[in-house]
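The primary structure of each chain is shown beneath.
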Amino acid sequence: MNSIDAIFTDKGRKTLIAYITVGYPSIESTLKAAPILAEAGCDLIELGIPFSDPLADGATIQNASFHALQNGVTVKTCLETAQKLSKQVKIPLVFMTYLNPIMHYGFDAFCKACSESGISGLIIPDLPPEEGIELEEAAHRYNIHIIYLLAPTSTEQRIVTVASHAGGFIYLVSVTGVTGARKDLPPDLKSFVSRVRKATDKPLCVGFGISTPEQAAEVLQIADGVIIGSKIVRLMEEDGSLSKVGTFIRDVRGVMNTSK
Amino acid sequence: MNTLPDERGYFGRYGGEYIPEVLVPAFDELKRTYDSIKNDRSFWAEFKGLCRDYAGRPTPLYYAEKLSQHCGGTRIFLKREDLTHTGAHKINNALGQGLLARKIGKNRIIAETGAGQHGVATAAVCAMLGMECVIYMGEEDIRRQAPNVLRMKLMNAEVRPVTSGSKTLKDAINEAFRDWISNITTTHYLIGSAVGPNPYPMMVRDFQSIIGSEVKQQIIEKTGRLPDYIIACTGGGSNAIGIFYPFLDDKDVKLIGVEAAGRGVETGKHAATLFAGTPGVFHGAKSYLLQDSDGQIMETHSISAGLDYPGVGPEHSYLKDSGRASYVAETDKDVLAAFHLLCSIEGIIPALESAHAISYALKLAPKLAKDKTIVINLSGRGDKDMGIISEALGGNL
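Chains as they are written, first to last, in my numbering: chain L, 7 to 266; chain B, 19 to 415.
Hints are computed from structural coordinates only; laboratory data are not their basis. Be aware that a few hints might be false.
Claimed, not checked - Only pairs whose alpha carbons sit at most 25 Å apart, straight line, appear in this in silico SDA-like list of lysine to any residue:
{"#": "1", "chain 1": "L", "residue 1": "118", "chain 2": "B", "residue 2": "297"}
{"#": "2", "chain 1": "B", "residue 1": "56", "chain 2": "B", "residue 2": "232"}
{"#": "3", "chain 1": "B", "residue 1": "338", "chain 2": "L", "residue 2": "223"}
{"#": "4", "chain 1": "B", "residue 1": "49", "chain 2": "L", "residue 2": "165"}
{"#": "5", "chain 1": "B", "residue 1": "121", "chain 2": "B", "residue 2": "185"}
{"#": "6", "chain 1": "B", "residue 1": "185", "chain 2": "L", "residue 2": "69"}
{"#": "7", "chain 1": "B", "residue 1": "49", "chain 2": "L", "residue 2": "182"}
{"#": "8", "chain 1": "L", "residue 1": "82", "chain 2": "B", "residue 2": "312"}
{"#": "9", "chain 1": "L", "residue 1": "90", "chain 2": "B", "residue 2": "311"}
{"#": "10", "chain 1": "L", "residue 1": "189", "chain 2": "B", "residue 2": "287"}
{"#": "11", "chain 1": "L", "residue 1": "82", "chain 2": "B", "residue 2": "310"}
{"#": "12", "chain 1": "L", "residue 1": "189", "chain 2": "B", "residue 2": "358"}
{"#": "13", "chain 1": "B", "residue 1": "49", "chain 2": "L", "residue 2": "161"}
{"#": "14", "chain 1": "L", "residue 1": "82", "chain 2": "B", "residue 2": "316"}
{"#": "15", "chain 1": "B", "residue 1": "287", "chain 2": "L", "residue 2": "78"}
{"#": "16", "chain 1": "B", "residue 1": "185", "chain 2": "L", "residue 2": "189"}
{"#": "17", "chain 1": "B", "residue 1": "287", "chain 2": "L", "residue 2": "90"}
In this text the structure is predicted, and so the values were computed from the model without any measurement.
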């Protein structure tokens, strides 16, 4: 069994997923942050491999990616970081990145390296399932899930197609937009989640734009999990000791547990 | 007969649709609409009518006698896209996609621009069709192509400076994609080159192939036969594919794309994607690109903002691998010399982009027999480049 599937077997527990960009603000902070996130109540960590042209990302993650690359972060750095972290934390780790760095590394070689580094899944915002066949085959050989995305604009037919390819869980993009914290949840989120729910029994995690414990609680009334990215990246920027990040995750976890 | 791309948007192994999920329905709609107009005679009649009455087509095919003599006698013809309304071939595609957006029912247009020529063409078409227009342009390009920024603003376009990455064309495309992802239901992204996800490379090619179709007729009228060489500058590759496409099945016509070698390919400061790049996925399609050993997209350099791009249209990648077209690269220095030569002996000020094609022709022509003919796509005029030229001359104009 892939370790991602295991976290969704406990139906009583909602899933909290954190995103961090590898090497931002520094490699040390990435290494330090993951155990804090795990201990504070995260169930899965997305490690962002920085890409030079992150066109699905808003200002916060663009900036993080830019500086991580300036810091000299490479795909190899990310694999090494994952390997170190997978020995320290028990929760699953996945990579989030764009397709080109993976293609350049080679699909089979990359999936093999991922599996050796304790990575359980891949999230690739510029890879729809139609273009993912070759990578899916490689991922399958090494027991790695490809986690596909759906958006509020996805049609019913599209939902069925994507769900049939989805490994682990489906990443529901809450907004018609790029990543980044937002003040309010979109009004059509509930109907979007229920449209997907009707078409599949795969776990559904909602991300993009979620930045407060209250928003997380609201999302979890309808979804199985919540993904928080830009907010965490910003907290790591603000507070190098990472105590703010820990407090924030504990707050989110707290609200999740009480609103159950 | 060339029937590419295939139904999945591939030219051989290049192309495809590597797009974020949120864009999928918009692409389905775009493909459906484009399919429906492909054989719709009224659409093409309106397009050609506007190309004629608004853009000033057909553009002349000019026999450049003094340039030909300068090169030893091989006959050189210039396809005068510089004489179109707004000053470059970009207007052809802007008109086509503008009409297409109206057909889809979208009234807000976004576009990227490098040299500003596509931005100006898009601004003009939006003003004429009564559409809202937002142009993304790198801060560095805004600086070096200031006259075009003013022209866009005069035609009611909003020009949004892009400050991320290298602050040039590729970053403007990233920002346009982000806008589109956020405003997908109201907005059409009017991509200016034959790049991006399917169906853009095909659509842009089809709208631009009016250039090659005209050349085919004009060269036969003037010389009684097809040309031996067609030369066009290649950044994303829209003017090149536009003039190449109608000749793809005429195997005796040699097709040559000229990329930007910048300060020299060996210096790393260039934009010669096909000449020096490797395949990968960028801006939604698989194609050659300039990337480092880790698959990160590299920053490019060229004296011409319009060629300053690390990718290239997928059909060019296919034509390169199949050997149907060949691709070379010219340095800033040689391009400037070619620019000055054309100004002084023909009285034509070419865009710095187009001067790349002239520069290569100056090297090729003297090696050819006198009975050979060359057609160069003079894709745009150089008025916008006066600032750069003045800088290059150290202010001593």
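Consistency of the hints with the structure:
1. L/118 with B/297: holds (22 Å)
2. B/56 with B/232: Answer holds: residue 56 of chain B to residue 232 of chain B is near 19 Å, not above 25 Å.
3. B/338 with L/223: The given pair, whose Cα atoms are some 54 Å apart, is violated under the 25 Å limit.
4. B/49 with L/165: holds (19 Å)
5. B/121 with B/185: violated (33 Å)
6. B/185 with L/69: Within the cut-off at roughly 14 Å; holds.
7. B/49 with L/182: Status holds; Cα separation ~20 Å.
8. L/82 with B/312: holds (9 Å)
9. L/90 with B/311: It holds: about 24 Å lies between the C-alpha atoms, which stays within 25 Å.
10. L/189 with B/287: violated (43 Å)
11. L/82 with B/310: holds (14 Å)
12. L/189 with B/358: Not satisfied, since the Cα-Cα distance of roughly 56 Å exceeds 25 Å.
13. B/49 with L/161: Status holds; Cα separation ~16 Å.
14. L/82 with B/316: Since the Cα atoms of residue 82 of chain L and residue 316 of chain B sit roughly 18 Å apart, the hinted pair holds (cutoff 25 Å).
15. B/287 with L/78: Holds. Residue 287 of chain B to residue 78 of chain L sits at ~20 Å (cutoff 25 Å).
16. B/185 with L/189: Given that 25 Å is the threshold and the Cα spacing comes to 29 Å, the pair is violated.
17. B/287 with L/90: The given pair, whose Cα atoms are some 37 Å apart, is violated under the 25 Å limit.
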